[in-house]
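Colleague: For reference, the chains in residue letters:
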Amino acid sequence: MATVLSTAAPGQQPPTAAPPGRRPPSTERVVRANRATPFSYATLIIVSAVLCVPLVFVVSIALSSDQTVNANTFTILPREWHWENFTRVFSTDLPMQRFLLNSVIISVGAVIGQMLSSGLVGYAFARLRAPGKNVLFIIVLATMMIPAQITMIPQFILFKELGWVNTFLPLIVPNFFSNAFNVFLVRQFVSRLPSEIDEAAMVDGLGFFGIYRRIMLPMLAPVLIAIGIFTLTATWGDFMGPLIYLNDESKMPLALGVQYITSTSQALQAPPWNLVMVGSILLTLPMILVYYLGQRYLYEMDISGGSAGVK
Amino acid sequence: MSRLRRREAIWFYLFASPWIIGFVVFLLGPMIASIYISLTDWDSFTAPKWVGLDNYTRLLTEDPVFWKALWNTFYYAAVSVPLGLVIGLWLANLLNKGVRFRKLFRTLIYLPTLVPLVATAMIFKMVLAPSGPLNGALGVFGIPGPSWLLEAMWVKPALILLSVWGAGAATVLLLAAMKGIPRELYEAAEVDGAGPVRQFWSITIPQLTPIIFFNLIMGLIGAFQVFSQVYILTKGGPDNASQMMVPLLFNEAFSFYHMGYASAISWLLFAVILVFTLVAFRTARRWVFYETEVK
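Just so you know, the protein sequences line up as chains A and B, in that order. Under the numbering used here, the first residue of the first sequence is numbered 1, with each subsequent residue one higher. Under the numbering used here, the first residue of the second sequence is numbered 1001, with each subsequent residue one higher.
Heads up, some of the hints might be wrong.
Output of the computed footprint for chain A on chain B, the stretches with three or more beta carbons under 8 Å from beta carbons of chain A [said to hold, decoys possible]:
| hint | region |
| --- | --- |
| 1 | 1016-1027 |
| 2 | 1030-1041 |
| 3 | 1048-1057 |
| 4 | 1110-1120 |
| 5 | 1153-1165 |
| 6 | 1252-1261 |
Each computed DMTMM-like pair below joins lysine to aspartate or glutamate, with the alpha-carbon atoms no more than 20 Å apart [claimed, not checked]:
| hint | chain 1 | residue 1 | chain 2 | residue 2 |
| --- | --- | --- | --- | --- |
| 7 | B | Lys1156 | B | Asp1239 |
| 8 | B | Lys1097 | B | Asp1041 |
| 9 | B | Lys1097 | B | Glu1190 |
| 10 | A | Lys133 | B | Glu1008 |
| 11 | B | Lys1179 | B | Glu1190 |
| 12 | A | Lys160 | B | Asp1041 |
| 13 | A | Lys160 | A | Asp248 |
| 14 | B | Lys1235 | B | Glu1184 |
| 15 | A | Lys160 | B | Asp1239 |
If you're looking for bench data, these hints aren't it; they were derived computationally from the structure. Since this is a predicted model, take the numbers as computed values, not measurements. All C-beta atoms, glycine included, are put in the ideal place defined by N, C-alpha and C.
Just chain A, with the same shape it has in the complex (with noise of 0.2 Å):
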């Protein structure tokens, strides 16, 4: 390895660099082994257009009639524009507005028990003293490898004996009890912040509670958003939560919904595509939102969390 490493040393000077004067090399400007060539262009091209063309698809099936979709008929691009359906699965007998309601109560309530609490456990392993911590903090980490399946029988168990089976409690709740990987990513952040800055806070008077909701709060935000996001795109998606603990077709979320308008069709008659195509792009909208709009904490996240994040 040092062998390696010596031939790189940085400071010395490759003949490829721009001589003095000239204003310095871009970071566009790349090295012989990285350019470009017109076959990776073509491999792109083709690789690109190869993982979009389910999802040109999903637009053309959810554009087209019933006919079509029952004769096979659909292709790639729409011939037909059958927009009506984005509003026929909110009039039909599938409750679709009902799937999409309990996805936003579901997802919210995820959402900010995570925020509130993960911030909390997280500036505390981060900042506060006391003895048992490390013990403590070994076990978030260890706990970070057992997977769900252990615990998700006898947790089945304990909300059956609370009756929160059928509600939406089961999905909500935990998360105001914060998570390993969440707990996490807050001590982390909170590790690099100066730590001038509750000190001086605490000489001017300022109890524990009052550094976090006044000091760490707004500065956490970029985590705490981060966090949303993650949670937000976990529950939004969870198909086997609400599989295990919701049965009314009512209380179904729409990752469930979806599904189940699916399998529950009548034996002979083939699923309504088209309807199940618009479910999905309602699925999945939201998500291509939220990371549109959250790309930037996320990309924070990603360099500081140890490439930790993004799904």
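Given chain A's structure and the hints, the job is docking chain B onto it.
Modeller: Same frame as chain A, now just chain B:
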């Protein structure tokens, strides 16, 4: 301990209490309960019956479906995770060349990973239908496509295909990591006469090994827990050809109410994940390169 120190400790436990309570109520308690349940025969309605290690011995010696599910899960994890990483590496390397419209390409490649799994499953149900778009495309080249999800031989490749559709996640992470590799390394290599291929293998790959390793571990853990796509698309069929650990566990628990048996499966799943993670860490010393490490 001074008064101030004690006050600080009290506040720590107050602030950390959500996690501590959550840990005890939703993790530690259930874990202990799960060990107990796995040693009983229990339908969750009547009193549990103690059977000792019977569930485990039945799983490991008498249940062919369990072994099939274990093998299928291995197969799925061992192919889909490395394949996704190799494709991610390949695409990231292409994007890292000074291509124009890089942001556009990156967005298009990343887009599939934003689609929630349930919607992805719906999309692949349509794409993989016997007379669906994929077989239509194969037909153009004169290849008769199989009935992917309905054939024992093709159902696992079909599920792997679905997972590879999300290779954009690895691409974006690896691309960000590639941007962080010091340019001097490449420039020095170029002076020494190393071509693009040599530079890729001798600089890019070694520099990326820590993040490749991280993604490999996280990917394997995730792949062993695959559930939704199997449950939605195949229900484990045909003939258990796509039965995997978690769908099997789910069925035992919530379709047949074999809570003890299902809990035993969950502990075996944990054991498998643990062994794989440990093996990965063991071998990591040989191929993961940390710049700051002093050897």
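Colleague: For each hint, tell me whether it holds in the structure or not.
Modeller: Here is how each hint holds up against the structure:
| no. | hint | in the structure |
| --- | --- | --- |
| 1 | 1016-1027 | holds (count 10) |
| 2 | 1030-1041 | holds (count 5) |
| 3 | 1048-1057 | violated (count 0) |
| 4 | 1110-1120 | holds (count 9) |
| 5 | 1153-1165 | violated (count 1) |
| 6 | 1252-1261 | holds (count 3) |
| 7 | B:Lys1156 - B:Asp1239 | holds (12 Å) |
| 8 | B:Lys1097 - B:Asp1041 | violated (59 Å) |
| 9 | B:Lys1097 - B:Glu1190 | holds (15 Å) |
| 10 | A:Lys133 - B:Glu1008 | holds (12 Å) |
| 11 | B:Lys1179 - B:Glu1190 | holds (18 Å) |
| 12 | A:Lys160 - B:Asp1041 | holds (19 Å) |
| 13 | A:Lys160 - A:Asp248 | holds (15 Å) |
| 14 | B:Lys1235 - B:Glu1184 | violated (52 Å) |
| 15 | A:Lys160 - B:Asp1239 | violated (33 Å) |
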